[in-house]
Amino acid sequence: MDQELNQLIYKAKRGDQQAFAALVRKYQGSVFRQAYAMVGDRMEAEDIAQDAFVKAFYAIKKLDNEYAFTSWLSRIVSNACYDHLKKASRRKNVPLLDHERKASRESPIERSQTRMTIRQALQKLSPDHREIIILRDVQGYTYNEIADILNIPVGTVKSRISIARRTLKEELTRGEESD
Amino acid sequence: MKKVTDHVEELLSAYIDHELTEEEAHRVRDHIKTCESCRETLYSLQHVRDQLHDAYEKVEVPASLEQAVMASIAVLERKTGVANGFGIWLAGVISLIVMGATAALMAPILIAIAKFLYKLAGIGIKIWQTVPIVVGAIPYFTVILYGATIILIIVSVGLLLRLRFTGSYDRRELL
Ligand SMILES: [Zn+2]
Chain Z
1 MDQELNQLIY KAKRGDQQAF AALVRKYQGS VFRQAYAMVG DRMEAEDIAQ DAFVKAFYAI
61 KKLDNEYAFT SWLSRIVSNA CYDHLKKASR RKNVPLLDHE RKASRESPIE RSQTRMTIRQ
121 ALQKLSPDHR EIIILRDVQG YTYNEIADIL NIPVGTVKSR ISIARRTLKE ELTRGEESD
Chain D
1 MKKVTDHVEE LLSAYIDHEL TEEEAHRVRD HIKTCESCRE TLYSLQHVRD QLHDAYEKVE
61 VPASLEQAVM ASIAVLERKT GVANGFGIWL AGVISLIVMG ATAALMAPIL IAIAKFLYKL
121 AGIGIKIWQT VPIVVGAIPY FTVILYGATI ILIIVSVGLL LRLRFTGSYD RRELL
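Chains as they are written, first to last, in this note's numbering: chain Z, 1 to 179; chain D, 1 to 175.
Hints should not be assumed to be uniformly reliable.
[To be verified] Below, in silico cross-link-like pairs of lysine-lysine (BS3-like), each with a Cα-Cα straight-line distance of 25 Å or less: (1) Z:Lys26 - D:Lys58; (2) Z:Lys61 - Z:Lys26; (3) Z:Lys55 - Z:Lys87; (4) Z:Lys55 - D:Lys79; (5) D:Lys58 - Z:Lys169; (6) Z:Lys87 - Z:Lys124.
[As the list claims (entries may be wrong)] Far from chain Z, by Cβ distances over 12 Å, these chain D residues were calculated: (7) His31; (8) Leu52; (9) Leu90; (10) Gly92; (11) Gln129.
FYI, nobody ran anything at the bench for these hints, they're computed from the structure.
The beta carbon of each residue, even a glycine, is placed where N, CA and C say it ideally should be.
Kindly generate the complete structure, drawing on both the sequences and the hints.
In structure tokens:
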């Protein structure tokens, strides 16, 4: 872990807003990417990323292990995504069908494509499977790190990732067949 | 011909993540040399992994994100700051009111005590002024005077105690 990052975390833990802003600059790409992959909508992802960083600003005082900063941040983003999904489903009352949700979120260009893109296929997964495959393939965490972030056994991580990948493969193949 | 149970499909996902034990990885490598089905599955899973990685690798971050985060933190910090400031201000006002009320309640008692002490001082001065005259005229006067002073002090203390009791009684009535 580099000295500069350690310093930023140290200062941010004492409420230094400038140091925290530097952390936001450094990690906004990773945080936004995780949220965007999870909800599939830029505006919503921005809201989630913003919430996650604000939560992180207040929670960083309680962070014991500076070396686990990125995992810790990913956990906050993960929780913020779930909060958001819960709120969104409550707001809608009647959950939208997958194809309706997809149509409302995609640009006309995306909708005109008959073949399912990987982004569309990802949104078809259950939140648990989507979350875990994002942590692995988008964020690049190891199984041990994911187990730590999600607080589940490594064996569960392994089987869940396997199911998520195979489901994605099936969704994409189905798209090809109807092409 | 291999048996169906020898297929390694269950291991392929962890294999591409390098999360298998050396023994398991060896089994996979051995198996895919001869099994086309598992080899195809491996390639397609690798393709899914690569596609997913590439799809989000170059996602553009909203330009305003950092600013939005720091702005909402600033607002929250100001709110808690104002709350703290208001708390101190409120505590100040309350203690002033309490002090004022106490002083108002105590005022009659303090005045009474001051009046009593003033009278006591007047008596003391008068006695002091008569001392040289009486001392010369009456023998053993010093002894009598000392006795009288002690009695006077006891009576004064008694009066003071009664006054304090009356004072607190009055205050209770007022409340
Ligand atoms: Zn096989």
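Now the hints, each set against the structure:
Simply put, lysine 26 of chain Z and lysine 58 of chain D have alpha-carbon atoms about 15 Å apart, close enough for the 25 Å limit, and the pair holds. Restraint check for lysine 61 of chain Z and lysine 26 of chain Z: satisfied, since their Cα atoms lie roughly 19 Å apart, inside the 25 Å limit. Restraint check for lysine 55 of chain Z and lysine 87 of chain Z: satisfied, since their Cα atoms lie roughly 17 Å apart, inside the 25 Å limit. Pair hint lysine 55 of chain Z plus lysine 79 of chain D holds up; C-alpha atoms about 16 Å apart against a cutoff of 25 Å.
A threshold of 25 Å between alpha carbons decides the hint, and for lysine 58 of chain D with lysine 169 of chain Z the separation of about 22 Å falls inside it, so the pair holds. Note on lysine 87 of chain Z and lysine 124 of chain Z: the hinted pairing holds, with a Cα-Cα distance of about 19 Å set against a maximum of 25 Å. Taking the minimum C-beta to C-beta distance to chain Z, about 16 Å, the non-interface status of histidine 31 of chain D holds against the 12 Å cut. Residue-level check failed: leucine 52 of chain D sits 4 Å from the nearest beta carbon of chain Z, not beyond 12 Å.
With a closest Cβ-Cβ approach of about 24 Å to chain Z, leucine 90 of chain D is found to remain outside the 12 Å limit, as its non-interface label requires. With a least CB separation of 26 Å from chain Z, glycine 92 of chain D remains clear of the 12 Å interface cut-off, as annotated. With a minimum CB-CB distance of about 73 Å to chain Z, glutamine 129 of chain D clears the 12 Å threshold, and the non-interface call stands.
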